[in-house]
Structures are given as C-alpha cells and as structure tokens.
Amino acid sequence: MTAMKVPPVPMWQRAVPSRRGRPPLLWLVGVHGGAGVSSLAASMDWAGDAGQRWPARIGVGADMDSPLVVLVARSHMHGINALQRALLAHKHDATPAGSQVVGVITVADSARPLPAPVADRRDDTEALAHELGAQPWRLGWLEPWRALEPHELAAWHPAADTTPLDDTDPTRTPPQPVRLLAELILATARAAGAKITARAHDQGAESASQ
Numbered sequence: 010m011t012a013m014k015v016p017p018v019p020m021w022q023r024a025v026p027s028r029r030g031r032p033p034l035l036w037l038v039g040v041h042g043g044a045g046v047s048s049l050a051a052s053m054d055w056a057g058d059a060g061q062r063w064p065a066r067i068g069v070g071a072d073m074d075s076p077l078v079v080l081v082a083r084s085h086m087h088g089i090n091a092l093q094r095a096l097l098a099h100k101h102d103a104t105p106a107g108s109q110v111v112g113v114i115t116v117a118d119s120a121r122p123l124p125a126p127v128a129d130r131r132d133d134t135e136a137l138a139h140e141l142g143a144q145p146w147r148l149g150w151l152e153p154w155r156a157l158e159p160h161e162l163a164a165w166h167p168a169a170d171t172t173p174l175d176d177t178d179p180t181r182t183p184p185q186p187v188r189l190l191a192e193l194i195l196a197t198a199r200a201a202g203a204k205i206t207a208r209a210h211d212q213g214a215e216s217a218s219q
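Each number in the working numbering comes from the position in the sequence shown (counting from 1) with 9 added on.
To be clear, the hints were calculated from the coordinates, so they are not data collected in a lab. Hints are supplied without guarantee of correctness; some may be wrong.
[Stated by the list, open to error] With a straight-line Cα cutoff of 35 Å, these simulated DSBU-like cross-link-like pairs (lysine-lysine) come out:
{"id": "1", "residue 1": "K100", "residue 2": "K204"}
{"id": "2", "residue 1": "K100", "residue 2": "K14"}
{"id": "3", "residue 1": "K14", "residue 2": "K204"}
Go ahead and model the full structure; you've got the sequences and the hints to work with.
Okay, here's the thing in structure tokens:
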C-alpha cells in the first residue's frame, strides 16, 4: 500500500522565541489563527506560545526547544478540520523529528452547544488524538476573556493561592476552568518529560556499557 502523502506542517527554523526567562516545559501550537494560544500561554507560566508553527530545534541545549507539544483549535468546523489535519500530519511523520504531541485543546468559539456535525467531527478528531497517544481536552466559553488582552491575564502555577476576590478577577487568577485545564496539562507534560528523561538515561547507560 502506498504511504499517504502529507505536506509538512509550518515549522520554526530557529529556536522559538520565549518571553520568559526559562525554557518552557511545553509548547502550545495553534492549528489556525485565533485558536486561543496567546491567552492560554499567558495563563500558564510554564507553557510557551509557538504561534502557528511547530518547534523544530528539538533537544536539551540552551538554543533548543522542548519536544512536548499541545495543539490548540477553536471548536468550529474550520478549527476542528485544521486540528485533524495537524494530527494526520503528525501520524504520517510530516512534523519535526522528535516532536511529541501530548494533548489537544478545543476552545469553545461560542457559549452555545455545537452543531451536531461539528460535535461528531470533534469526537472523531479526539479519537485520532487518543490513537496517537495525546490527551484531548475541552475548554468552555470564557466570557471574561472577551474584555482582556492576553498580557492582562493572570498566570496559573501549582503553588498559587486563590482568594474569593481573586476568583472573580481574571487579571488576578485564571478562571477555574483554565486552572483545572492547566493542572491536567502540567501533570501530563511532567509524566511525558519523565519518560523522555528515563529513556535518555537508559540509552546513555547502554552506550556506556558497549
């Protein structure tokens, strides 16, 4: 059977610029414009904003990028189709060597329920993500985000304490759905990173013994 031909995804040709002082644990990649990557990255201080391009300089050096990727799409048909294409590209090795898609996020484009065809397509796309070892997550409509720029959003981190006042102000702490999502993504990324580290250690030990 002839292998499926899939065009390469958009990639960075250098290390992805990061506004934070330390390298991100993972990269958020939008599969289309307006997916919500900038707002999500601003809300998670350990996640990097890769825009709509995949990190391609995968490695552990100072000028290299984390291999861990979370794809982001809006929950309309255009967004879900773009997400499905990105997953198919990853399945058929049209993404940067060493990339590991640990999850996909569909961000609600409206407070209303999805039309049935879009919901069905999302289910199919999330099944494909599962097949590739990625966790599917859904983020509902966030009305407070409509009035704020990404740089105005508060960032979540595991040690953060939240007061009742903070919980009503997205400039002081992310909305609860974002905090819950961030916890899930962080746990998944840490587990994936631990596996990569263990595998590299085993390979190093094997090479040393030869």
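Quiz item: Does the alpha-carbon distance linking K100 and K14 stay inside the 35 Å limit?
Solution: Within the cut-off at roughly 11 Å; holds.
Quiz item: Is K14 within 35 Å of K204, Cα to Cα?
Solution: holds, 30 Å
Exercise. Given the hint that K100 pairs with K204, test it: the Cα-Cα distance must not exceed 35 Å.
Key: Measuring from Cα to Cα gives roughly 20 Å; hence the hint holds.
Against the hints set out earlier in the document, no violation occurs for any number.
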